[in-house]
Amino acid sequence: MTRFHLGRWLRRAGSLAICLILWQIASSLRLNLGIVTFENVPLPVDVVSAALEFLRSPKFFAHISSSLERVLAGFGIAAVIGIGLGLVIGRSRWLGDFLQAPLELLRPIPAVAWIPLAVLMFSSSELSMIFITFTGALFPILLNTVHGVESVDPRLIASARSLGSTRTAMLLEVIIPGAAPNIVTGLVIGMGTSWFCLVTAEMIAGQFGIGYYTWESYTLQNYPEIIVGMILIGLFGMGSSALLRAAGAALLPWHTKDSK
Amino acid sequence: MTTHQRSFRAATGRIEANHVSIRLGRGSSAFEAVTDASFEVSPGEFVCLLGPSGCGKSTLLGALAGHIKPAAGVLSVDGQPVKDPHPERGIVFQHHTLFPWKNARDNVAFGLKMRGVKRRQRRLEAEKMLDLVGLNGFAGRYPGQLSGGMQQRVEIARVLVNQPRLLLMDEPFGALDALTRLRMQELLLDIWEQFRKTILFVTHDIDEALLLADRIIVMQAQPGRIHEEISVPFERPRMTGIIASGEFMRLKQHCLHLLHRDRPGDTLPRLSPLGL
Ligand SMILES: Nc1ncnc2c1ncn2[C@@H]1O[C@H](COP(=O)(O)OP(=O)(O)O)[C@@H](O)[C@H]1O
Ligand SMILES: [Mg+2]
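As they're listed, the protein sequences go chains Z and H.
In terms of the numbering used here, the first sequence opens at residue 55 and continues consecutively.
In terms of the numbering used here, the second sequence opens at residue 126 and continues consecutively.
Hints in this document: simulated from the structure, not taken from any laboratory.
Cβ coordinates follow ideal geometry from the N, Cα and C atoms, glycine included.
One or more hints might be untrue.
Stated by the list, open to error - Anything over 12 Å on all C-beta distances counts as not near chain Z; from chain H, calculated:
no. : residue
1   : G179
2   : Q219
3   : H221
4   : W226
5   : V233
6   : L237
7   : Y267
8   : E280
9   : E353
To be verified - Computed list of lysine to any residue pairs in SDA-like fashion (alpha-carbon distance at most 20 Å, straight line):
no. : chain 1 : residue 1 : chain 2 : residue 2
10  : H       : K194      : Z       : L225
11  : H       : K238      : Z       : L225
12  : H       : K227      : Z       : R110
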């Protein structure tokens, strides 16, 4: 059992190491493949030292905290509205029909396409970036919640009614727990898209934030810093999704227990 | 167990069905699943609804539970017309209707919680019920951690804790293996002897109906209707040995004959009247 896991981790670390080595070779040889060139790609070593320097600089905290604040605000609002609206739509055929047309129309518009309008609509660029983050997270959360509510076994609802369930109890003790695994999935996906949208928005409208830092590094020709920014974006996106998934698993013990 | 009265003729749990017809589906696909059904069940009686699949057994039971409204006729329990689902009419389905996110104790305590019983009291009563169905020590398990038979025991406890006037059971042991099913039948009879609740038990298994029931209401399909009532004379408590008796064979032959009039070839889609 542990051997198996060890083997797996070795394999993963190995593939990561190979990527790094290939990168090192390609950029130290200034490899030019015609359509893509490594001439301007910094060496891994330079990236590491740039990262260490950035970690020590006071700007680090400012960039990270403003990105985190935006994600938390946008994602948080999206979670509240997405889950709330999803529960109502999933439960009420009337409201579901009523909201279907506008939602179907808005859904395929990528959050990034909202950026110009958002900048025009909101009084501060801060708010417009939060709005973009919100838009990115909203649909995955909303749609997964609706799907979760609709897939609650009707026999469970019938049983609960026969056991004397009140309307509130139906929602809190049957519908929400029943939809919870789907809601968690929606939140995890929404977290990913909200990082994605935030970084894009920061590149265009930001003054601080990891996305802004990455883009600024490009304009200032600090090439290693571009990669530091990219890696940070990846790490934060991955970390927050993992955090959500872990929280979901802790909150839904029955779900993980019987699926094993 | 000692807090509950021992067997006596129950005073509540009389079912009356008067020319009940039930329509399912909407618009052009609507059809009559049960046609003009009339029957009575006395307080404390154990009655099986026996019929081929698709003859409207679940539909009739769903209507008695209050989940489906009859298109015509009256269904009443103790003189009160059935309107909505109510814990007085407990229903047990075939499987997978426990709340997967609640452990056995909280599943059983659900009805008490809805009645506003305090937490401590709920735990106490729920655990007493779990003991009664032979699940001492399993209170903390989630349904996913229980075997099929244990899950059905929890189902029964969850309904009994509400002190219902009647138990409506829709093929509750249909998904169990033969041996577990036999144990569950014995358990159910045991509980019934103790509480004397009226039980209306749906099955398509002739042996099961003959082993359990005081009376069998045989239904037929297309249109779904009541065909014949058979009273089952075996003494109680019943031993599984009666299966070998001549009288049992004779009744079984008779039921087989009734069921086989519906042609066995045309299988029906496994839909369910609650839209399940
Ligand atoms: N939701 C539904 N919509 C349309 N027809 C249904 C639905 N549920 C069940 N039926 C049909 O109604 C008839 C009676 O079903 P049911 O009461 O489940 O029969 P039984 O329990 O005796 O097998 C069957 O012909 C079945 O196919
Ligand atoms: Mg059925």
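So, going through the hints one by one against the coordinates:
A cut-off of 12 Å between C-beta atoms confirms that G179 (chain H) is not in contact with chain Z; the least separation is 18 Å. Listed as a non-interface residue, Q219 (chain H) fails to keep its Cβ farther than 12 Å from every Cβ of chain Z; the least gap is roughly 9 Å. With a closest Cβ-Cβ approach of about 7 Å to chain Z, H221 (chain H) is found to fall inside the 12 Å limit, against its non-interface label. Look at W226 (chain H): its CB is around 4 Å from the nearest CB on chain Z, not clear of 12 Å, so calling it non-interface is violated.
Non-interface call for V233 (chain H) relative to chain Z: violated, since the shortest CB-CB distance, roughly 10 Å, does not exceed 12 Å. Not every CB of chain Z is more than 12 Å from the CB of L237 (chain H) (nearest about 9 Å), against its label as outside the interface. Against the 12 Å criterion, Y267 (chain H) falls within the reach of chain Z, whose nearest CB is about 5 Å from its own CB. Separation of E280 (chain H) from chain Z is inadequate, the least Cβ-Cβ distance of about 8 Å not exceeding the 12 Å criterion.
Distance check for E353 (chain H) against chain Z: the nearest CB is about 29 Å away, which clears 12 Å, and the non-interface claim stands. Between K194 (chain H) and L225 (chain Z), the direct Cα distance comes to roughly 24 Å. Violation of the 20 Å bound is thereby established for this hinted pair. Between K238 (chain H) and L225 (chain Z) the CA atoms are separated by roughly 15 Å; this keeps the pair inside 20 Å, and the hint holds. Straight-line distance between C-alpha atoms of K227 (chain H) and R110 (chain Z) comes to about 49 Å, which puts the hinted pair past the 20 Å bound.
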